[in-house]
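Chains as they are written, first to last, in the working numbering: chain H, -2 to 346; chain Y, 14 to 352; chain B, 828 to 1150.
Worth flagging that the hints you see were computed from the coordinates, not collected in a lab. Hints should not be assumed to be uniformly reliable.
The calculated DMTMM-like cross-link candidates involving lysine to aspartate or glutamate, where the alpha carbons are at most 20 Å apart (straight line), are [what the hints assert, rightly or not]:
(1) Y/Lys44 to Y/Glu252
(2) Y/Lys267 to Y/Asp282
(3) Y/Lys180 to B/Glu875
(4) Y/Lys326 to H/Asp171
(5) Y/Lys267 to Y/Glu318
(6) Y/Lys67 to H/Glu80
(7) Y/Lys89 to H/Glu80
(8) B/Lys831 to H/Asp46
(9) Y/Lys180 to Y/Glu154
Here are the computed distance ranges between Cβ atoms for each label pair [what the hints assert, rightly or not]:
(10) H/Gly257 to B/Ala938: 37 to 43 Å
(11) H/Trp35 to B/Leu1135: 40 to 46 Å
(12) Y/Glu276 to H/Asp213: 44 to 50 Å
(13) B/Arg1071 to H/Asp34: 42 to 48 Å
(14) H/Leu85 to Y/Thr121: 20 to 26 Å
Output of the computed footprint for chain B on chain H, the stretches with three or more beta carbons under 8 Å from beta carbons of chain B [as the list claims (entries may be wrong)]:
(15) 8 to 14
(16) 21 to 32
(17) 181 to 193
(18) 220 to 233
Quantities reported herein were computed from a predicted structural model and do not represent experimental measurements. Every residue, glycine too, gets a C-beta built ideally from N, C-alpha and C.
These are the residues of each chain, in order.
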Amino acid sequence: MKAIAWARANLFNGVWNTILTLVAGYLIARGAWMAIDWGLIHAAWSAPDGRACRAITNDEGACWAFIEQWYRFILFGRFPPGEQWRALIVVILFIGMVVVSCDRRLWRSAWPITAIWVVGLIVSFILMHGGVLGLPVVTTDLWNGLPLTLFLSVIALAGAFPLAILLALGRRSDYPIIRALSVGYIELVRGVPIISILFMASVMLPLFLPAGVNIDNLIRALVGLMLFYAAALAEVIRGGLQAIPTGQYEAADVLGLSFGQKTRLVVLPQALSITIPPLVNTFIAAFKDTTLVTIVGLFDLLTTASNSITDPQWRGFYVEAYVFVAAIYFVFCFSMSRYSRSLERSTER
Amino acid sequence: MIKATTLAVALVMVAFAGPALAGPTLDKVKKNGVVTCGVTTGLAGFSIPDRQGKYTGIDVDTCRAVAAAVLGDPDKTKYVPATTQQRFTMLQSGEIDILTRNTTWTLTREGDLGFLFAPPNYYDGQGFMVAKKAGVKSAKELDGATVCVQSGTTTESNLTDYFRANKMTFKPLVIERLDEVENAFYSGRCDSFTADRSGLAASRAGKAPNPDDYVILPEIASKEPLAAVVRQGDDEWFEVVRWTMFAMIDAEEKGVTSQNVDEMKKSDDPEIQRMLGVKPGMGKSLHLGEDWAYTIIKRVGNYGEIFDRNVGKDSALKLDRGLNALWTQGGLMYGMPIR
Amino acid sequence: MTAKLRILLPQLLVLAIVVGLGAYLIHNTLDNLARQGVATGFAYLDREAAFEIGEKLIPYTSADSYGRALLVGLANTLEVGVLGCILATILGLIVGVARMSRNWLIRHIAALYIQAIRNVPLLLQLFVWWDLFRVSAPPPRQAWQIMPGFFLSNRGLTIPLPSFEGGFHWDIPHLAGFNFAGGHIVTPEFAALLIGLVIYTAAFIAEIVRAGIEGVSKGQTEAALALGLKPRQALFLIVLPQARRIILPPLITDYQALIKNSSLAVAIGFPELMAITNTTLNNTGQAIEAISLMMIIYLGLSLITSALLNWYNARLALKGMAR
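Let the sequences and hints guide you as you build the complete structure.
Have a look at this one:
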């Protein structure tokens, strides 16, 4: 009875809504059935090679055997298989650090989170790179797949955030020179595709440095991403600053707060909570944009996946590979956006 | 605005990175104990990481052979994946020691970009593939066709030249990644697919829904000699790379393989004796150990073995030797005499 | 005097740091270039391009210059960018409002759409759309004729165009050899790029619209309803106009992102600015000139977008709200 009343109120209130509900319901059901038919009913779960797998599915279903054979390469790329546990621990560590940082109880002071990240990053670096404690050295060109994607997106964003706050404040500063510099930087960087920034970082950064100084391809990409996201984040934060009523600034001034106190205690907390949805958009974008590092020759998750489908034995299983990778991206991005929603709700009050 | 102008000026001035760190690459390699090679991010048969993440391919074996000659161990190599756009700057900046990335030997690349090419490790040529049911027998019949082509290669401009020379029109579909070019062609989006003929054959064997439905047309639109590349101005290093190639070809000509190389040391043939360091002198001339060629053949193989394993009869690509047969068998592979 | 100094000093300090850093980098660059004996120039723009372009809004042949080829690419980028921004805004607004619909199913479909699209890389989505358009349509000889002159095949959708050569007549597409000739053809690449960008960007705009609507205090809606407005009227007359102020700054970012993301077309073969630049730098080897020229053009496009919307935003910003 309750269900019927609910359906009435939420699905069938009025002719227009009823039609809408029925049409949408039909389409959803049909799509779901097609997906199940392809992904489960007609799918092949194990086969020695591509041809055998196609014979089993008759091209009507998914060939998950491909993933079974290739998931290691897609996830970790060229990382030495014998040392793979190290990359796996780093992935778990990164996820763990992100999850722990989401706990609002830790936010009362800046110290616990900073400590967790500093220690976590040092441990991750030692694990990935090796060279101490009897771990063989694994050079950065072998840091592929999921660890690379996580590493690039997390470090790039963490590095970009302080700069972004400075730029956002600078853009609204009363000092004309500082304002001009901030605006110039933000508009310059945001105005060009991220691909071209990556290319610049990869090809031109070595020229900007003194002769003989050679920096790693991975670091170059990281610098490019950081510079790009500082500008993007700055604009998002500015959107929040703009929405704070002037009265708040005035009240803070009346209370005799200094600029630093005003910013830290009054302005930023409000601005950041207002901008959480667009902020998370940017965070998720950064995670997905790591797919573009393929143009500077780094093997991120999408690159390792595209690479796996060029194997002559297993050629052309792009749907399976892309579904697999899309699922990984989705899980990460979706949980981030869920988290932001919950945060948003709790700050709304 | 001033900032933007300054940046623009700076960017403009950065054109053409010339040969950097041109110096004794050989010493550097010996000191570091590793040969760093630029390779593709994945091209079957030439350089592609396998399921264990290990690079294999004919270009990879070229790199391994250099490491064997210089360091006595083909595994003392590091592979840096380079995109088509990146490959030349990486070599210029000294990030890699050799570029073994199926790169076509052209005049401007030596003249303008400051490189030198080793002897080709694969003689290729650009061709056209069509579906059999289109009934096309010659590339001259492709007037008005839509042609799929991968970007970032000389293939695209060769295509335009070919159609212009034959007074035909066409619509190019230029795509960044090879898999997507192939998907487009096999799904019928294009009438023809143009690439190096080795690539066409590899694609037809590995990717076509039914290989017998497709034909590679007889015309060759361009010559594509693929070779390892080094920086100009470092002759010692260039010689090492060049003679590594020659040693592999000569070894095949003399019938020296990775299997029989130890017995061959007892051979009476003076050329084999010089090659394998039984009669010393050759290694010293190259500033290498006397067993340089022996190690290449023992640990990597002769040219024929490398070809068969990566692109030839023992590989998934199953390419014919064709132009890449020894000169004694009607091909172009001709190793200069080791003496 | 001291007050003035207090204002000026920190600014000069920051300026000095930035200028110093810039000078240092430029010095290094010049040093490196001199050491490497680098030459440069934009002379290549006048040289014959010698490559063909598949889709062009302005006349071009392979005998034209690289500069002209770049213009063809720019025109294609603009075509996708302008159409994309308009369509994405419309779709984003619809989804954003549907996200707040009172119909449970519609509300959740909108949420599903937003989550699924936003959480998967765009590059992947472009491939999916492209495969869909290309694989599901028949070859040209078995093209579906929707209306006279409108043919749908895996080469795209043909559209008759009016022509004024030798008196007015319709330029009707017809099968000639391998392909259709005459009229205009909407290729699968263009369609995939446009639809991919619109659907992707709309998911972002929808969230911004939602945040905007939620950002307007509930009291506003309640007051409007109390005044006797219908919910729809309250939305369009009261809430959305106020939400615009919150929506606009991130919306600028999304428009710019759409234009810049059109550079991913290089992966599916639509010849826009990035793709043409790519071919140019491969043919000429002048990577830095080609890339910097492309960056300046994209920057120009972004600045124009930003200037237009900032001007609009400044008109919207209330005196008591923004500084």
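Verification of the hints:
no.	hint	result
1	Y/Lys44 to Y/Glu252	holds, 18 Å
2	Y/Lys267 to Y/Asp282	holds, 9 Å
3	Y/Lys180 to B/Glu875	holds, 17 Å
4	Y/Lys326 to H/Asp171	violated, 73 Å
5	Y/Lys267 to Y/Glu318	holds, 13 Å
6	Y/Lys67 to H/Glu80	holds, 14 Å
7	Y/Lys89 to H/Glu80	holds, 18 Å
8	B/Lys831 to H/Asp46	violated, 76 Å
9	Y/Lys180 to Y/Glu154	holds, 11 Å
10	H/Gly257 to B/Ala938: 37 to 43 Å	holds, 41 Å
11	H/Trp35 to B/Leu1135: 40 to 46 Å	holds, 45 Å
12	Y/Glu276 to H/Asp213: 44 to 50 Å	holds, 46 Å
13	B/Arg1071 to H/Asp34: 42 to 48 Å	holds, 45 Å
14	H/Leu85 to Y/Thr121: 20 to 26 Å	violated, 47 Å
15	8 to 14	holds (count 3)
16	21 to 32	holds (count 3)
17	181 to 193	holds (count 9)
18	220 to 233	holds (count 3)
Checked against the numbered hints given earlier, this structure breaks hints 4, 8, 14; the rest are met.
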